[in-house]
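**Student:** This is what each chain is made of:
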Amino acid sequence: MNVLVTGATTPLGRAIIERLLRTPEVGQVLAVGAEHGGPGLPSDSGRFRYERVDLTRPRSVRDLLYGPARAHGIDTVLHGVLHRAARDRGARVHAVNVEATRMLVQSCAQHPQIRRFVLRSGAEVYAIRPDEPNLLDEDHALVFDPAAPQWLRDRVEADLVACAQIGTAAASIAVLRCAEILAEGTGSQLWDYLGSRVCLRPLGFDPMINVLSIPDAVAAIVGALASDARGVFNIPGRDVLPLSRLIALAGRRDVPVPGPLLAPLYRLRTRTVGFEFRYDLNLGRFHLGGILDGTRARATFGYEPRHAIAYPGHAAAA
Amino acid sequence: MSTLIHRPAVELHGFHDEGHGFDVFGLHPPTLRRTLALGGRLCDRYFRTRSYGAESIPLDGPAILVANHGGALPIDAALLLLDVDRATGRIVRPIADRFVPSLPVISTWFARTGAVVGTHVNAGRLLARGELIAIWPEGSAGIAKPARDRYQMRTWQVGHAELALRHRAPVVPVAILGCEESWPVLGRLRRFHRFGIPFLPIPALPLPLPLRHHIYYGAPIALHDGLDRDAADDPAVVARAAARVRLALSALIHDARQARAGRLV
Chain A
2 MNVLVTGATT PLGRAIIERL LRTPEVGQVL AVGAEHGGPG LPSDSGRFRY ERVDLTRPRS
62 VRDLLYGPAR AHGIDTVLHG VLHRAARDRG ARVHAVNVEA TRMLVQSCAQ HPQIRRFVLR
122 SGAEVYAIRP DEPNLLDEDH ALVFDPAAPQ WLRDRVEADL VACAQIGTAA ASIAVLRCAE
182 ILAEGTGSQL WDYLGSRVCL RPLGFDPMIN VLSIPDAVAA IVGALASDAR GVFNIPGRDV
242 LPLSRLIALA GRRDVPVPGP LLAPLYRLRT RTVGFEFRYD LNLGRFHLGG ILDGTRARAT
302 FGYEPRHAIA YPGHAAAA
Chain B
252 MSTLIHRPAV ELHGFHDEGH GFDVFGLHPP TLRRTLALGG RLCDRYFRTR SYGAESIPLD
312 GPAILVANHG GALPIDAALL LLDVDRATGR IVRPIADRFV PSLPVISTWF ARTGAVVGTH
372 VNAGRLLARG ELIAIWPEGS AGIAKPARDR YQMRTWQVGH AELALRHRAP VVPVAILGCE
432 ESWPVLGRLR RFHRFGIPFL PIPALPLPLP LRHHIYYGAP IALHDGLDRD AADDPAVVAR
492 AAARVRLALS ALIHDARQAR AGRLV
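Sequences listed follow chains A and B, in order.
Quick note on our numbering: the first sequence kicks off at 2 and runs consecutively.
Quick note on our numbering: the second sequence kicks off at 252 and runs consecutively.
Mixed in with the good hints, there may be bad ones.
[As the list claims (entries may be wrong)] Partial chain A-side listing against chain B, Cβ under 8 Å, derived:
hint: 1; residue: P134
hint: 2; residue: L204
hint: 3; residue: D207
hint: 4; residue: R239
hint: 5; residue: L242
hint: 6; residue: P243
hint: 7; residue: A249
hint: 8; residue: R253
hint: 9; residue: A309
[Claimed, not checked] A few chain A residues that don't get close to chain B, going by computed Cβ distances all over 12 Å:
hint: 10; residue: A72
hint: 11; residue: H73
hint: 12; residue: L195
hint: 13; residue: P203
hint: 14; residue: N211
hint: 15; residue: V219
hint: 16; residue: T273
Hints listed in this document are in silico derivations from the structure and should not be mistaken for laboratory results.
Every residue, glycine too, gets a C-beta built ideally from N, C-alpha and C.
Take the sequences, apply the hints, and build the full model.
**Tutor:** Here's what the structure looks like:
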């Protein structure tokens, strides 16, 4: 298996590459990022190479897939590039989130050498509503509200762009809808939320939250890359706990506040301090919860979350 | 029918800890224990519940309790939870209406004490894990019935039958007497939909009367006998199975009312 990994310079990308290079079944790893030099990545070697590519340019994508990817015998592609800053919007952000995904998946679908494409999506694509189940399986409704923030709409669109190719492309395509990875540098809304000493939550509500660790995300992704299973797979995390408990484990102060006050308070925080957490993106799960059902991933490629989050001030659970 | 001698519940068996002391739906055994202890003392003194036939409840494996619904608020669910815990030590997972998660405080409290929103995915997961669930097929329509309709089952949803067929879980009909009389309802405010509730019941009294309540458990019904799992996909089969449960529960309610005749206190 020779793997192309986009988003290589992110914490998750680096962890995936490190794991792939330790896997005997993996021959070549071609890492792709937007930065010069591949910060934090190994030096180019016989098994590893970094390419700086702007995935929003069709020519760049084609040159990548029919140039270095072909030369290195790449047969498996992992794509998980999403613009992480929740405050940003516009055409450029849409291009990163959606157009890049579209070009990549469509090109891979027609590529003579690539036989496997895995998209790392997220649980945020699911619609959280009071009349919907606590447990979200892969058939659960997605967010189709046209009034939803671009951050959400882009993620749903990117997810569906890949889903549309499942079953029709020559390559086998899998979409992994991962629980939120609670780690720095991953664009995690909850990480940003827990960055405050005081965490506000809606008065009267304490929903169940599911968070994923980087080791588990890596295990799921590498497992999916090695499999040839097609379809959509939920990737839940090991930690399933109430929001109040999450706040306590992070060593923060939990302050319940009447719901209607939360959005304006967090907007004020964003404007004054510059955090990325947006309450409108999290309103559903901060009231109602929504835990991913990982039955399909477990049955298909044996994914089982094993690594709990190492919360600050607490020993990491095995 | 004999009164089952209440014995202290043992441990909360059947609890699936996700690693932080809660299950995936938010059940928290210490909260449940405290609620059962406090609620038990209140209900013992106020409602003085008697139960009959609790030996019908399977002590392990998936099963569905199907009960009638009544009263201004779902006190019947609380009494059933208490009684089953005392009689068997099993945790009952009451299946709640879909607006419940929108209710501040109540949503959290219900989740911590085992209630789960009524969707097939949720209920199916519970049964697949071998848990005991309680369903009120009348739904919200059963609550706040006018006095003239007491113990008349109104709308009868069939989801419980489909679940029983698909998961090969026995159905235990449960007649709960007392809620309809203890907290009669004057009517419903149908235009009140705050927090997504279908209506606001208007009780005749600010609190329920301290009438004795009775819980009768019928013989388990194996709806899946002679059928394979695919039968759950056949609407006609599901409808017949649901009708069978309704008939059994109606008969149980009738017999229970006869047995209780005149004894409201």
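**Student:** Going back to the hint list, which numbers does this structure go against?
**Tutor:** Those not satisfied are hints 7, 8, 13 and 14.
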